[in-house]
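**Q** Given next are the chains, with one letter for each unit.
There are 2 protein chains.
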Amino acid sequence: MERKKIVVVGGSAAGAKAAAKARRLDEFAEITLIQKTAELSMASCGYPYYIGGVFNDRRELLCSPAGVVRDTTFFAKAKAIEALVETEVVAIERAAKLVRCRRVKTGEEFSRPYDTLILCTGAKARRLPVPGHDLAGVTTLLTMADTDYLRAVRDGGTVRQAVVVGGGLIGVEACEALHRAGMEVAVVEALDQVLTFLDRDLAMLVENHMRAKGVRVETGKRVAEFLGREGNLVGVRLADGAVIDCQVAVVAAGVAPNSDLARDAGLAIGPSGGIVVDAYMQTSDEAIFAAGDCVEIESRISGAPVFAPMGDLANLEGRVAGENAICGRTVTFPGTYHTGICKVFDYSAGITGLSLAAAAKLGLADCRAVVNAGPDKPNFMGGKLLVSRILVAGPERRLMGFQCVGPGDVGRQVATAAMAILGKLRVEALVHADLPYAPPYSLAIDHFIASAHIMENTLKGRMAGISASEVWAKLQKGERPFFIDGRTPQEFEEMHLGIGEQLIPLGALRSRLAELPADKDAEIICFCKISLRGYEMIPILRAHGYRNVRVMEGGIMAWPYPRKK
Amino acid sequence: MERKKIVVVGGSAAGAKAAAKARRLDEFAEITLIQKTAELSMASCGYPYYIGGVFNDRRELLCSPAGVVRDTTFFAKAKAIEALVETEVVAIERAAKLVRCRRVKTGEEFSRPYDTLILCTGAKARRLPVPGHDLAGVTTLLTMADTDYLRAVRDGGTVRQAVVVGGGLIGVEACEALHRAGMEVAVVEALDQVLTFLDRDLAMLVENHMRAKGVRVETGKRVAEFLGREGNLVGVRLADGAVIDCQVAVVAAGVAPNSDLARDAGLAIGPSGGIVVDAYMQTSDEAIFAAGDCVEIESRISGAPVFAPMGDLANLEGRVAGENAICGRTVTFPGTYHTGICKVFDYSAGITGLSLAAAAKLGLADCRAVVNAGPDKPNFMGGKLLVSRILVAGPERRLMGFQCVGPGDVGRQVATAAMAILGKLRVEALVHADLPYAPPYSLAIDHFIASAHIMENTLKGRMAGISASEVWAKLQKGERPFFIDGRTPQEFEEMHLGIGEQLIPLGALRSRLAELPADKDAEIICFCKISLRGYEMIPILRAHGYRNVRVMEGGIMAWPYPRKK
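Protein chains in written order, with our numbering: chain A, 1 to 565; chain B, 1 to 565.
Bound-form chain A, shown alone:
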């Protein structure tokens, strides 16, 4: 029997997974894994935690769960895969079905034939084309080399100030790592918020938390120049002229698909620059598959091809590519629901599906969203805050998006929502979900179910909500609705917004209706700490004839703007 020749280009998540899957499906295939750098199977999502000193053994980034470093010997012995490291694939000769390779260190060139080729060339960091971008001290955070550099900076202990350019996932993770390493950190983001997968109001809660940790967060600011002295970075000048002193700068301005090899070989490339693949992860050449950060996959929300450079998806795509490379077109990869999460100091920020902003951009019909704030478990079990926005759309009111930020257990919330979206569940199903409850894990009515309850109440017209950002916009326009803070005087004393609100504790509302505007059409906005009491005020006020009553969703806990106290 002829042994099938499989060549995999790229030995990180997708490539290593594809090669291993192919091996398990064909013990006798000749499988070659070609990797430009020295390392294989790097846990690249772990880089920031190594840089920050969450753990200190570099080998852990390269180990199997059993603690064996996944080097060429490991691949040879455990997987019977020939891994060629420090070897670059410089061209694909599709007609001849071979890849031309070059040893990085020696420049030696050679070719490898393939029956099936799998491209897992990953992503490349976007550079910032401003003066000084090549100064020593300016780096990206994408590769093991970047990681080694930043870890050395940490261990050196001499760098005191760092700037992170970009407030996306990698930017905030880099920020936390450098802060943990003892540096003063500033994050400069050109857009008007960090973590643009979130709606701005929720992102602002994250920014507030970063500032509370001592990070300088500059949104809506562009870097004009990296300033150097004798070739070394000494600062960053913003477009507005401000200068931030720093000795290291991490450019985290996004990544792009590393698809040059595929493009040069004439494979179809999509609008995002990613390699075009079908659901079988097959490229426009049927002998070539591709997977991971170099491809475009389908958005399961919009159906459009998207660039989704996530480590979990890379693994799942690699698994599909590896199987189809051996078995033919047998399994498909369905795409992404845009699920993601990141840690930002004591906060987590996650999403699955659409933010309100993303839904608006898509022109999603009949879309409704509400904010919910509340603890993840009972206060007596050390409950921590979660602030979420749940979004449903269409006549069936299907769940289409769920964002969640806060110090609470965001991972569980977003995982729950992700499965609900996958199950195409409607609000009426979510409100009665049977989730695992005990006080160490959740509230009796879990935050996610409570979010669905608020949505149901909104859809039934029982809850009329207004978001903090809409309230803020009203205030900026000079509008002065009648605000009721429904908390106790003690709570008010500890903290309050100071937006002209009247303090009327929920328990006193029925006896203090005389203090409300005489005009039953006056705009009244109620809130409390998390707006549960605020919500309870609505039916009381409506029953007494007030026709224009709303609750500020999420209450003070979801308010990202300055407050008086």
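Bear in mind the hints are in silico, worked out from the structure with no lab data behind them. Glycine included, every Cβ here is placed at the ideal spot set by N, Cα and C. Careful: at least some of the hints might be erroneous.
[Stated by the list, open to error] Each pair of labels, with its calculated beta carbon distance range: (1) Arg563/B / Gly67/A: 17 to 25 Å; (2) Glu230/A / Gly67/B: 58 to 66 Å; (3) Arg542/B / Arg263/A: 35 to 43 Å.
Using the hints, position chain B against chain A.
**A** Just chain B, lined up with the frame of chain A:
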């Protein structure tokens, strides 16, 4: 307008929720909440954590999230609900539509008319009808009074030894509480495992953990007598004659619906003793609703009525009953997927849907289950073990059950699975789920997705598994399959089963095939720490002609039996 009279009997989870929901839907209804004990809205699931000293302020069990004790004043002011505490409803006069009440302290009797009655009378603890059950020191753990008693025992500091009778949810929570309070604890369970909602092999992992914490766990043992001296408990005698010294005993032998009031009034009662309600939570009398631990609800798995006394369901049922009491039959409660979770020291144990044992009892057709063991997140982020059994059934291979135990993040896993069951998801959907991944939260391929991968591989015939319990049964019968432990010598040295296994590291397997049985039909069982390497051995051995090769699911981490080292 005539004001609607709503009477709610029972002021804990379901009752308080029903009354509050009714109020929000009708500001002018006359709502009365009648409660036999002094407290209202008790967070009864939190009792064990107060007893154990996880928190020390009793008020926290009775507080709103804002820290206000939910007493009669709170209900009057915030909810405009008249709460009658220390008041027992002794009879329902259905024809006259009134409840007859008695003040617990004074014996004073009076009646209350209702238009709609909502029964939320909860559950009662099963007693153990053995000699000595009325000794001082023998208690249950169901009520606030039980809780106050056990907390006083803890604070007294004189009790050194405790026995918990029953190893169910309340039993293990009581065990942990008493252990935390500094006592030596023994758990006596009549059945052959604790936590009978789990399959026995997973329950044994929990038992092992309890023993590792110093708890004496006696399964398959019955209590014959509580031994006393001068009216005080001094020990427990088991049916086998063994005596366990103790000064306090918590009888956690299960609960039963507290449906006497309903039964006496002639309402339909189901086989479990619970009040029969339809999906609207309406009893056999259309003027009477019921919710919480006193009713039977529908199993969403079997369709049969079941008794499911869980705090989260009680709240959801109460919400439905409260709405229908005001609005008529408008919303339905769909029932339960038997989801549950509990903390057992550093372990958690949870389930949604069916265990293998429960599926067998139901006679579920075409059912497949596999065990998966692995960390919840990367080792470098402090990953902790999870051991799960995933179960699918029917020609569509829908997820029908997921159990998970271990020190890892069981709550997220079970919540994920619960939504997948609700979404009626098939294995082919689960393998590509888009869950929130970053190293602080999960593996790149989340444990739940990995479980689905193992199931997929099993269904495709690529993985042939055998559970630890099946292996153990073989060994007990004297069978001696050829076992291969695929780990490294160092790992073997640290820990091994000692069941006659050969140590052949995965990386050496291809070169050591000569050490295997010559007979290609010989039974070979591979494993490693979590049986990932064990699984990788299968295709290698098959490719070399071995026809009877299986992997022991979950490896050593899922092995609950004694091991040599």
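**Q** Now tell me if each hint is right for this structure.
**A** Now for the hints, and whether the structure bears them out:
Separation of Arg563/B from Gly67/A is about 20 Å and conforms to the stated range, judged on CB atoms against 17 to 25 Å. Between Glu230/A and Gly67/B the CB atoms are about 59 Å apart, so this pair conforms to the stated range of 58 to 66 Å. Remark: the range hint 35 to 43 Å for Arg542/B to Arg263/A is upheld by a beta-carbon distance near 40 Å.
In summary, the structure agrees with every hint in the numbered list given earlier.
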